[in-house]
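Visitor: What follows is the residue order along each chain.
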Amino acid sequence: MVENYAILPCNGLDKCAGVISRELAIKLCENAHNEIICPVYSRVAEKKYNKIAGEHSLLVIDGCQTRCASKLAAEKNLKISRKVTITEEAKNHNIELGNNLRLQENENGLIEIILNGLNTEDKVTPFSDEINVEYNFKYKTYQNGKFIFRVPENPEVYFNENDCWAYVIGNRARIGVTDFVQQNLSDILFFAPPEIGAEIDQFGEAGEIESSKSVFELISPVSGKVISINETLLQTPELVNENPYELGWIAELELTGFESDKELLIGFGKYFEIMKKKVEDLNG
Amino acid sequence: MSLTTFMGVERDKIDWSPTIDYTKCDYCMECVNFCPHKVFEVRENEEIKLIIRNPDNCVVFCRACSKICGPDALSFPDKNATTQRIKEIRKEETNG
Ligand code: SF4
Ligand code: SF4
Numbered sequence: 000m001v002e003n004y005a006i007l008p009c010n011g012l013d014k015c016a017g018v019i020s021r022e023l024a025i026k027l028c029e030n031a032h033n034e035i036i037c038p039v040y041s042r043v044a045e046k047k048y049n050k051i052a053g054e055h056s057l058l059v060i061d062g063c064q065t066r067c068a069s070k071l072a073a074e075k076n077l078k079i080s081r082k083v084t085i086t087e088e089a090k091n092h093n094i095e096l097g098n099n100l101r102l103q104e105n106e107n108g109l110i111e112i113i114l115n116g117l118n119t120e121d122k123v124t125p126f127s128d129e130i131n132v133e134y135n136f137k138y139k140t141y142q143n144g145k146f147i148f149r150v151p152e153n154p155e156v157y158f159n160e161n162d163c164w165a166y167v168i169g170n171r172a173r174i175g176v177t178d179f180v181q182q183n184l185s186d187i188l189f190f191a192p193p194e195i196g197a198e199i200d201q202f203g204e205a206g207e208i209e210s211s212k213s214v215f216e217l218i219s220p221v222s223g224k225v226i227s228i229n230e231t232l233l234q235t236p237e238l239v240n241e242n243p244y245e246l247g248w249i250a251e252l253e254l255t256g257f258e259s260d261k262e263l264l265i266g267f268g269k270y271f272e273i274m275k276k277k278v279e280d281l282n283g
Numbered sequence: 000m001s002l003t004t005f006m007g008v009e010r011d012k013i014d015w016s017p018t019i020d021y022t023k024c025d026y027c028m029e030c031v032n033f034c035p036h037k038v039f040e041v042r043e044n045e046e047i048k049l050i051i052r053n054p055d056n057c058v059v060f061c062r063a064c065s066k067i068c069g070p071d072a073l074s075f076p077d078k079n080a081t082t083q084r085i086k087e088i089r090k091e092e093t094n095g
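Protein sequences appear in the order of chains W and V. Heads up, the first sequence is in numbering that gives the first Met the number 0, so the first residue is 0 and it goes up one at a time. Heads up, the second sequence is in numbering that gives the first Met the number 0, so the first residue is 0 and it goes up one at a time.
No lab work stands behind these hints: they were computed from the structure. Predicted model only: the values in this text are computed from it and were never measured. Beta carbons are placed, not taken as given, at the ideal position from N, Cα and C, and that holds for glycine. Please note that a few of the clues may not be correct.
Stated by the list, open to error - In silico DSS-like links for lysine-lysine, alpha-carbon gap of 30 Å or less:
no.	chain 1	residue 1	chain 2	residue 2
1	W	Lys212	V	Lys48
2	W	Lys46	W	Lys26
3	V	Lys48	W	Lys269
As the list claims (entries may be wrong) - To give an idea of the chain V side of the interface with chain W (calculated C-beta under 8 Å), a few residues:
no.	residue
4	Met6
5	Trp15
6	Arg62
7	Ala63
8	Ile67
9	Thr82
When you get a sec, could you build the whole thing from the sequences and use the hints?
Guide: Below, the structure is given as structure tokens:
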């Protein structure tokens, strides 16, 4: 249920998806006790909206991937608790959006679907981990200017060249991003987890983290089924900045093809060299 | 300079970079500003104002720019086919 939220829609008036974001925000406020933050008025009425945002969790509705509403939230230092992107929802539900700025049947249908989804989705099934696994990271660090990059040197930790790691124990792995990603993104403001139960291919998408600078899609080093996600990150995504290996892990997978996945993974030594080179290239 | 090999395979043997659908692209240039790898090139005075200039600079398996493209104009090769191809090339090279 979306109740007691501050709702920030992109409200883009020249695009169908923007108009949908507005309509969805209105509907959310009609049906429950939620407050709208008007993106245009917020430019001049900062005080008023900071108060509303301070008293509520924030739901951001972006029309399209330009993410104007998310960017506005980042600019104003508002923490996003939930997020909807209209064009993405349309894609997921196979709904073709028109160019018309007046909502038609398809668009209204989509709004209903999103509303239903939003009002049921917080019943996330909690994961009960019967096996108590310990992850003990040992690091080597590399410093470039004021930036310090830690890389775990445990032999159980594998990397891909997309700066993601997998700590493999038995038939399970915990996955996440490396310090290289976290340093490049700087302050992480939002975490979109992969779906529990989803089957992910090697190099498939396994969630996203987002800063005001950029979006990073985690590219899973291993194939497997998502058995848990780091729920703490939903409220405190900045833990990824603090330590992307320990408190900032992303998800746990039950492995489905590790023997063959391994062929295309690298260990600490190689990754450390590749990462060093990337950092040097970036800093010219 | 970007890496010239990916997973031990020469980068130019791997087909991975965005394709621009010009019927959808509105030249907002979000992708250009987003990607730090100089994959795109802006051509102000041409009819086609944006091209893929350096496909081999694109990070294999990255698809990040397609996520920020409003009109959904960027597409990529099939990931599994690419993974298979990389494995094949590695085999050929160790055998040959
Ligand atoms: S982000 Fe998409 S629409 Fe904008 S210039 Fe790039 S390809 Fe074109
Ligand atoms: S996929 Fe990634 S590396 Fe390639 S052009 Fe897009 S943002 Fe740049």
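Visitor: Would you mind marking each hint as holding or not holding in the structure?
Guide: Here's how the hints hold up against the structure:
For the proposed pair lysine 212(W) and lysine 48(V), the alpha carbon gap of about 25 Å is at most 30 Å, so the pair holds. Taking the CA atoms of lysine 46(W) and lysine 26(W), the gap is near 25 Å; set against the 30 Å cutoff, the hint holds. At roughly 39 Å between alpha-carbon atoms, lysine 48(V) and lysine 269(W) are farther apart than 30 Å, so this suggested pair is violated. For methionine 6(V), the interface hint holds, since its Cβ comes within 8 Å of a Cβ in chain W; the closest pair sits about 5 Å apart.
With a cut of 8 Å, the hint placing tryptophan 15(V) at the interface with chain W is violated, because the nearest CB-to-CB distance is about 11 Å. Nearest Cβ of chain W to the Cβ of arginine 62(V): about 7 Å, under the 8 Å cut. The hint holds. Annotation: interface hint on alanine 63(V) holds; nearest CB of chain W at approximately 6 Å, less than 8 Å. Because the smallest distance between the Cβ of isoleucine 67(V) and any Cβ of chain W comes to about 5 Å, under 8 Å, the interface hint for this residue holds.
Against a cut-off of 8 Å between C-beta atoms, the interface hint on threonine 82(V) holds, since the closest Cβ of chain W lies about 6 Å away.
In summary, the numbered hints that this structure violates are 3, 5.
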